[in-house]
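Number of protein chains: 2
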Amino acid sequence: MEPLTPSSLDELKASTQVLAFDIFGTVVDWHGSIMREMQALYPSVDGSAFALAWRVGYQPAMARVRSGELGWTRIDELHRLILDDLLLKFDLLHLNESELAHLNRVWHRLEAWPDSVAGLHRLKKKFTICSLSNGNLGLLTNMAKRAGLPWDCILSAEVFRAYKPDPATYLGVAATFDLQPHQVMLCAAHHDDLDAARACGLRTAYIERPFEFGASQPKDVSPQASNDLHARDIHALADLLGC
Amino acid sequence: MEPLTPSSLDELKASTQVLAFDIFGTVVDWHGSIMREMQALYPSVDGSAFALAWRVGYQPAMARVRSGELGWTRIDELHRLILDDLLLKFDLLHLNESELAHLNRVWHRLEAWPDSVAGLHRLKKKFTICSLSNGNLGLLTNMAKRAGLPWDCILSAEVFRAYKPDPATYLGVAATFDLQPHQVMLCAAHHDDLDAARACGLRTAYIERPFEFGASQPKDVSPQASNDLHARDIHALADLLGC
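The listed protein sequences derive, respectively, from chains A and B.
Here the first sequence is numbered in my numbering, starting from 26 and rising by one per residue.
Here the second sequence is numbered in my numbering, starting from 26 and rising by one per residue.
Here chain A stands alone, though its shape is the one from the complex (with noise of 0.2 Å):
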């Protein structure tokens, strides 16, 4: 990416308002919160392995939503519809109805990374922080409660009765704050999700991941031309938005 000149960076800093942030993998470790979980509960099964799998079903069973193919379905539903799809090959048919609760709410117990509570702690003072996530309100909720997460707003797909990509999501955030598209930044570690909010309008910051699929799986974080911003973790965001 260009960087950005100091005027340029001044009149993105004046012009912000609300910082809306990607959640799994961007916030919090959703490959290792899971993996870790499953050693401790059921050490016999690949931990990293099911969460990767687990994930995997996340977007076609979305899929299925924006197709019309199911109605409107929360992220906890989805994850419990592509859970029971993976006991059989997992050796985890033996779990009964509490355990299997238990566990689908695993992602309601995401840990933040280490930078996370700390940088929106900065970020607040100066900016509206929200979240914008494709999991549902209680999810969102029992997980910031539960991590320290300081949302000002804790906004969802659920709010918007869609999910991102949809431009109902990103202008949905613009619109609940009244403030034009380009007063919004998405921050995200997906690029998809980036491209996405900045055909509606949104600045974006991109934040490096590297590790969303595992220590053993990084994944290539090199910057994108098209990202307004772009940070090694929260704290790095902080930095360059002169918190």
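In case anyone wonders, no lab produced these hints; they're calculated from the structure.
All C-beta atoms in this analysis are idealised placements derived from N, C-alpha and C, irrespective of residue type, glycine included.
Take these hints with a grain of salt, some might be off.
Unchecked claim - No more than 20 Å apart at the CA atoms, straight line, and that leaves these computed lysine to aspartate or glutamate pairs for DMTMM-like:
1. K149/A x D177/B
2. K150/A x D35/A
3. K150/A x D177/B
4. K150/B x D35/B
5. K149/B x D177/A
6. K151/A x D264/A
7. K38/A x D177/A
8. K170/A x D177/B
9. K170/A x D203/B
What the hints assert, rightly or not - Label-pair distances were calculated between CB atoms; the ranges are:
10. H127/B x G93/A: 38 to 46 Å
11. Q205/B x S32/A: 51 to 59 Å
12. R257/A x S123/B: 34 to 42 Å
13. A65/B x R91/A: 43 to 51 Å
Once you've looked at the hints, dock chain B against the given chain A.
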């Protein structure tokens, strides 16, 4: 109201998971805040009468949405419709659009009652605390950020696309958190709100706010037997709930 026996209070404390708070009048002082801002901005206007007149328009405006005469309309827009109708009476026709927009957002700048912030911090240690207000999400977020209200989640009529006392709002809180209605307690300074919540199966706590309509117009805050709890303020509620 009948005093709760120790065992029924213990049962209440054990089963309640979420405390949902009404906002206008219960957590923030709309009358005093608007009166003080009017005194500062437009000292020739009777700020108390102006605040009361604005609030009087509130229920009829929402009734226009409930009846279908208006499509879904946020409180920000309803407040503006009411405000526009008050300008002649209060000799404010000279205000320009920018001044009107600023004045309309006084509802985003309402101040908390003196016990609200500290009381909510106490309750938050043991319960999930959220708003359940007819105010819109942006209004409630701006208010919370400015006043320091430490919500775990901001819920609003805007999320459920229905205004209290529609059952969709009370039951919506329970559904958001995958709870049974009796695991949610509505905390409010208005018996009609509490009655509607109770009809949906929620627990209810009445919060006394004798000066909601100003020091010169104290309201009757006597206990009603139908509520589970009756508290002088939010600190007293925290005392009752053992926080």
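Quick rundown of the hints versus the structure:
1. K149/A x D177/B: Measuring from Cα to Cα gives roughly 15 Å; hence the hint holds.
2. K150/A x D35/A: holds (17 Å)
3. K150/A x D177/B: holds (18 Å)
4. K150/B x D35/B: With Cα atoms ~17 Å apart, K150/B and D35/B stay inside 20 Å; holds.
5. K149/B x D177/A: holds (15 Å)
6. K151/A x D264/A: Judged against 20 Å, a Cα distance of about 12 Å means the pair holds.
7. K38/A x D177/A: Satisfied, since the Cα-Cα distance of roughly 19 Å is no more than 20 Å.
8. K170/A x D177/B: holds (7 Å)
9. K170/A x D203/B: holds (16 Å)
10. H127/B x G93/A: 38 to 46 Å: holds (43 Å)
11. Q205/B x S32/A: 51 to 59 Å: holds (56 Å)
12. R257/A x S123/B: 34 to 42 Å: Because 41 Å falls inside the window, the suggested range holds.
13. A65/B x R91/A: 43 to 51 Å: holds (50 Å)
Comparing the model with each numbered hint stated earlier shows that all of them hold.
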